[in-house]
Amino acid sequence: GQNIDQPTEMTATEGAIVQINCTYQTSGFNGLFWYQQHAGEAPTFLSYNVLDGLEEKGRFSSFLSRSKGYSYLLLKELQMKDSASYLCAVRSSTDSWGKLQFGAGTQVVVTP
Amino acid sequence: GAVVSQHPSWVICKSGTSVKIECRSLDFQATTMFWYRQFPKQSLMLMATSNEGSKATYEQGVEKDKFLINHASLTLSTLTVTSAHPEDSSFYICSAATREGGYGYTFGSGTRLTVV
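Protein sequence lines correspond, in order, to chains A and B.
Residues in the first sequence are numbered from 327 upward in steps of one, following this note's numbering.
Residues in the second sequence are numbered from 121 upward in steps of one, following this note's numbering.
Source of the hints: derived by calculation from the structure; they are not laboratory data.
Be aware that a few hints might be false.
[As the list claims (entries may be wrong)] To be clear about the criterion: a stretch of chain B counts as covered by chain A if any three or more of its residues have a C-beta under 8 Å from a C-beta of chain A, and this derived list gives those stretches:
1) 162 to 171
2) 207 to 217
3) 228 to 235
From the three backbone atoms N, C-alpha and C, an ideal C-beta is built for every residue, glycine too.
Extracted from the complex, chain B is given alone in its bound form:
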């Protein structure tokens, strides 16, 4: 079935540095990729929607200059957290819209970001 490979699984970085998270679709083309953030014991909050070759659309309240999304190809989307701060520590998950099994979504395995 459709698989989205997300890396890294976890990362610890110093405050003020930037971190890049990659999501690659394997064996299928991900025209649209969704990026979510999840704080402990909370649900997934949609941050932005990216489409290959165009600018990402950010949800209200999400700083586009802080969370840079690039979707340069049909198999790769990246999220860069710039100038990370401890409050950015969270679980970040990508999800690609697929046609498998109907109108489904394939999630990456998630990235646990800890900013110290």
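This is chain A alone, in the form it adopts within the complex:
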């Protein structure tokens, strides 16, 4: 099985940087995804890591350490529209269909 942990909530000021950590335990690892979800909407894809290291996409970056079972999502130059829930999801290599297991989500609140 899989156990995915991330903080429940984080608050930051507009223009600042916030780092959301995610730790996971899985019987087989085949990639980690980060999604953004606004209330009442479907998740939108932010990033994907399968190898160790940092992936950068504009204001968002994601890091992965497979040996530590650890990832983080870094949000820079925060904007009010970044207020949302951020979901860490892990895909297991033991599942042939590639299903994702999601963490509980981190609610990010951006204040003026």
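Dock chain B against chain A, hints included.
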């Protein structure tokens, strides 16, 4: 890009009735469709995985006779909530595995089900 059209966006039904939710993949073939349920302020919980032409695989604790999944074609998967009760009120989302951008997933827009 790959799009999954999910309908209806929201539905209100009476307790004891059934509701069908459709997810259609546009411009691509969705061999595998995942169905999730999300309660307020909680994360997505995988309910079942469906593959075209075969029976769905349900996660532990999900009643297969209550949540009927049909994946009759490569572009259509449906979830029917049978004999709905107020505790089934939730946000239901489908997700198709795609090859776009690597090993990605395309989510439907979700269905808000309220059982009264």
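A quick look at each hint next to the structure:
Counting residues of the segment 162 to 171 of chain B whose beta carbon lies closer than 8 Å to any beta carbon of chain A gives 7, which meets the minimum of three for the stated coverage. Coverage of the segment 207 to 217 of chain B by chain A holds. Counting CB-CB distances below 8 Å, 4 residues qualify, and the rule asks for three or more. Counting residues of the segment 228 to 235 of chain B whose CB falls under 8 Å from any CB of chain A gives 4; the rule of at least 3 is met.
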